[in-house]
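Trainee: Chain by chain, the residues:
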Amino acid sequence: MTCDHSVTYYLGMTDDDLVFRALADPTRRLLLDRLFERDGRTLTELESQLEMTRFGVMKHLRILEQAGLVVSRKAGRNRLHYLNPVPIRLIHDRWIDKYTEHRVSALAELKTQLEETG
Amino acid sequence: MTTITEIQTTQVYQVFIKATPEAIWEAITRPEFTVRYFHGARIELADGRRRTYGPNGETWGDEAILEEDPPRKLVHGWRSLYDPELAAEETSRVTWEIEQQDGGVSLLTVVHDQLEGAPKTASSVAGVGWMRVLSGLKTLLETGDALS
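Chains A and B, in that order, give the protein sequences.
First residue of the first sequence? That's -7 in this note's numbering, and the numbers climb one at a time after it.
First residue of the second sequence? That's 853 in this note's numbering, and the numbers climb one at a time after it.
Keep in mind the hints are simulated off the structure, nothing from the lab.
All residues carry an ideal CB built from backbone N, CA and C; glycine is no exception.
Hints may contain errors.
Claimed, not checked - Quick list of the computed label-pair ranges, beta carbon to beta carbon:
1. Pro907(B) to Glu43(A): 46 to 56 Å
2. Lys972(B) to Arg21(A): 24 to 34 Å
3. Leu42(A) to Gly996(B): 25 to 35 Å
4. Glu107(A) to Glu951(B): 47 to 57 Å
5. Ile88(A) to Pro971(B): 23 to 33 Å
6. Val957(B) to Ile88(A): 21 to 31 Å
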């Protein structure tokens, strides 16, 4: 765990595993919500909003970064954290669309059948 | 529910794609690829400009290329000409960075910044805008399919 991103990416977990693991924690969801409200924050800013040690916040941010949900970039002397919504979109495209599509088409089929027989 | 409380003047998007940097570069700079995932837009780089055309050949964007280092980095201006309200705003900046990773994977980072003078553009691209484009680009490169 020496690099900011991607080195720990291939520990046998898939992209989706990492995202679901990262989201399965209320503090990490809170951090994402804070970044959603205002993006590009320093660790100090994020830390001031949570009743948690700096180390604790860093640990959560690291898990979010491994999942690709947070991207940190240097800006002058600061390191700013940004919400990256793309992994959630990918899960949406891969899973949620699939199920809703099926449900919609099942309903469409039911409607056709009912209208034909009725 | 939380809402966006202020305009995000710098937006960062990142996606891992199982493709070479060269393949990603082609996919973001050649119209026959961009038309399949970039809201149907045909995008081409020529004469130091990045031009975007809609399905009927209308100009959706025509901005200067600020840096071009294939297949690693592309920086260009951004002004949405397809909507008069957005077109009236100041030009912002888009940076594409492509980094090769292990295992045939590349990391694509898109930074859309200098959005201070373009609040409507900022909220327009921040919604599903870039997410949809990058999700579509990944799908295209990894499966050869365009998103419906």
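Trainee: Determine for every hint whether it applies to the structure shown.
Mentor: Consistency of the hints with the structure:
At about 52 Å, the CB distance of Pro907(B) to Glu43(A) agrees with the hint of 46 to 56 Å. Between Lys972(B) and Arg21(A) the beta carbons are some 29 Å apart, a value that agrees with the proposed interval 24 to 34 Å. Checked against the hint of 25 to 35 Å, the C-beta distance between Leu42(A) and Gly996(B) comes to roughly 44 Å, which is inconsistent with it. The hinted range of 47 to 57 Å is satisfied by Glu107(A) and Glu951(B), whose Cβ atoms lie roughly 55 Å apart.
Evaluation of the 23 to 33 Å hint for Ile88(A) and Pro971(B) yields a pass: the beta carbon distance comes to about 30 Å. One distance hint, 21 to 31 Å for the beta-carbon pair Val957(B) and Ile88(A), holds here, with the actual separation near 24 Å.
In the structure shown, a violation is registered for the earlier hint numbered 3 alone.
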